[in-house]
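> Here our numbering is used: position 155 in the sequence shown is 155, and no number is missing along the way.
Check before you lean on any hint, since a few could be wrong.
[As the list claims (entries may be wrong)] Using 25 Å as the maximum straight-line C-alpha spacing, the simulated BS3-like pairs for lysine-lysine come out as follows:
no. : residue 1 : residue 2
1   : K3        : K77
2   : K103      : K39
3   : K3        : K91
4   : K103      : K16
5   : K16       : K165
6   : K77       : K16
7   : K16       : K100
8   : K81       : K95
9   : K95       : K3
10  : K3        : K39
For the record, the hints were derived by calculation from the structure and aren't laboratory data.
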Amino acid sequence: MRKIREVIVVEGRYDKNTISQVVDATVVTLGGFSVFNDKEKLAFLRRLAEERGLIVLTDSDGAGFVIRNYLKGALPKDRIKQAYIPDIHGKERRKRHAGKEGKLGVEGMKPEVLLTALERAGATFLDGEGESTPAKEPITKADLFALGLTGGPDSAAKRQALLKKLDLPEHLTANGMLEALNLLYDRETLERTINEGA
Numbered sequence: 001m002r003k004i005r006e007v008i009v010v011e012g013r014y015d016k017n018t019i020s021q022v023v024d025a026t027v028v029t030l031g032g033f034s035v036f037n038d039k040e041k042l043a044f045l046r047r048l049a050e051e052r053g054l055i056v057l058t059d060s061d062g063a064g065f066v067i068r069n070y071l072k073g074a075l076p077k078d079r080i081k082q083a084y085i086p087d088i089h090g091k092e093r094r095k096r097h098a099g100k101e102g103k104l105g106v107e108g109m110k111p112e113v114l115l116t117a118l119e120r121a122g123a124t125f126l127d128g129e130g131e132s133t134p135a136k137e138p139i140t141k142a143d144l145f146a147l148g149l150t151g152g153p154d155s156a157a158k159r160q161a162l163l164k165k166l167d168l169p170e171h172l173t174a175n176g177m178l179e180a181l182n183l184l185y186d187r188e189t190l191e192r193t194i195n196e197g198a
C-alpha cells in the first residue's frame with residue numbers, strides 16, 4: 001500500500017473506509033455540509049494544511065463541489081491539492097437508490113481510479129522514491145496517561161487545556177486527540193509544549 005504525506009479530506013466515513021483500503025494516509029472526514037458551521041474543524045484543517053498539506057477528494061456531484069468550493073475559499077490555497085474522481089453513473093452497494101444525480105461517490109470508486117485521482121492531484125508518495133519524512137517516535141496512549149491526559153481525576157480538564165493551547169478542536173475524543181497530536185507533533189515537542197505552561 002502506497003504511503004501519502006498529505007492529509008486526505010473526504011466527505012464522510014464510508015469515503016474514509018474506501019480510501020483507507022487504497023493508500024496509507026491520514027484521512028479526515030468533513031461530515032458533509034456540517035463543516036460549513038464547524039469553526040473548530042475548519043481551524044483544524046487549516047492547521048493540517050500548514051503542517052502536512054491537504055488533498056481534497058469529494059464526490060463529483062453538485063454537493064461535492066459546493067463543499068470543495070467552500071474549502072477553496074476557507075483554506076490556504078497553496079497548501080491544498082484537488083483530487084477529482086470521474087463521473088461514473090451507478091449506485092453504491094450499501095444504498096437502496098442512487099444519489100440525486102445518479103453518480104457514484106468516492107466510496108463507490110475502484111481502487112485504481114482513486115489512486116489515479118490522487119496521482120493526478122500531485123500527492124506526495126513516500127515510497128522511497130523522492131521525498132521521505134524521518135520516522136518519529138509516535139505518541140501513544142501510555143504517553144497520554146503518563147502526561148496526566150487520561151486516566152486521572154482531572155484528565156478531562158488537562159486535555160481541554162492542552163487542546164485550547166494547541167488550537168485543536170475541543171470536541172476531540174482522547175483517541176481523536178492522539179491522532180491529531182501524532183500528525184502535528186513528536187513526543188519530545190509535545191512534552192516540551194505541555195511543560196512550558198506548567
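> Determine for every hint whether it applies to the structure shown.
Hint check:
For the hint linking K3 to K77, the alpha-carbon distance of about 23 Å falls within 25 Å, and the restraint holds. Restraint check for K103 and K39: not satisfied, since their Cα atoms lie roughly 30 Å apart, outside the 25 Å limit. Distance hint between K3 and K91 is unfulfilled; the C-alpha atoms sit about 29 Å from each other, more than 25 Å. Of the pairs offered as hints, the one joining K103 and K16 holds, with about 18 Å between alpha carbons and a cut-off of 25 Å not exceeded.
Straight-line distance between C-alpha atoms of K16 and K165 comes to about 28 Å, which puts the hinted pair past the 25 Å bound. Between K77 and K16 the CA atoms are separated by roughly 23 Å; this keeps the pair inside 25 Å, and the hint holds. Taken as a hint, the K16 and K100 pair is honoured in the structure, with Cα atoms around 21 Å apart against an allowance of 25 Å. Restraint check: the Cα-Cα separation between K81 and K95 comes to about 29 Å, which exceeds 25 Å; the hinted pair is violated.
Note on K95 and K3: the hinted pairing is violated, with a Cα-Cα distance of about 30 Å set against a maximum of 25 Å. With a C-alpha separation of about 29 Å, the suggested pairing of K3 with K39 is violated against the 25 Å cut-off.
In this structure, the earlier hints numbered 2, 3, 5, 8, 9, 10 are contradicted, and the remaining ones agree with it.
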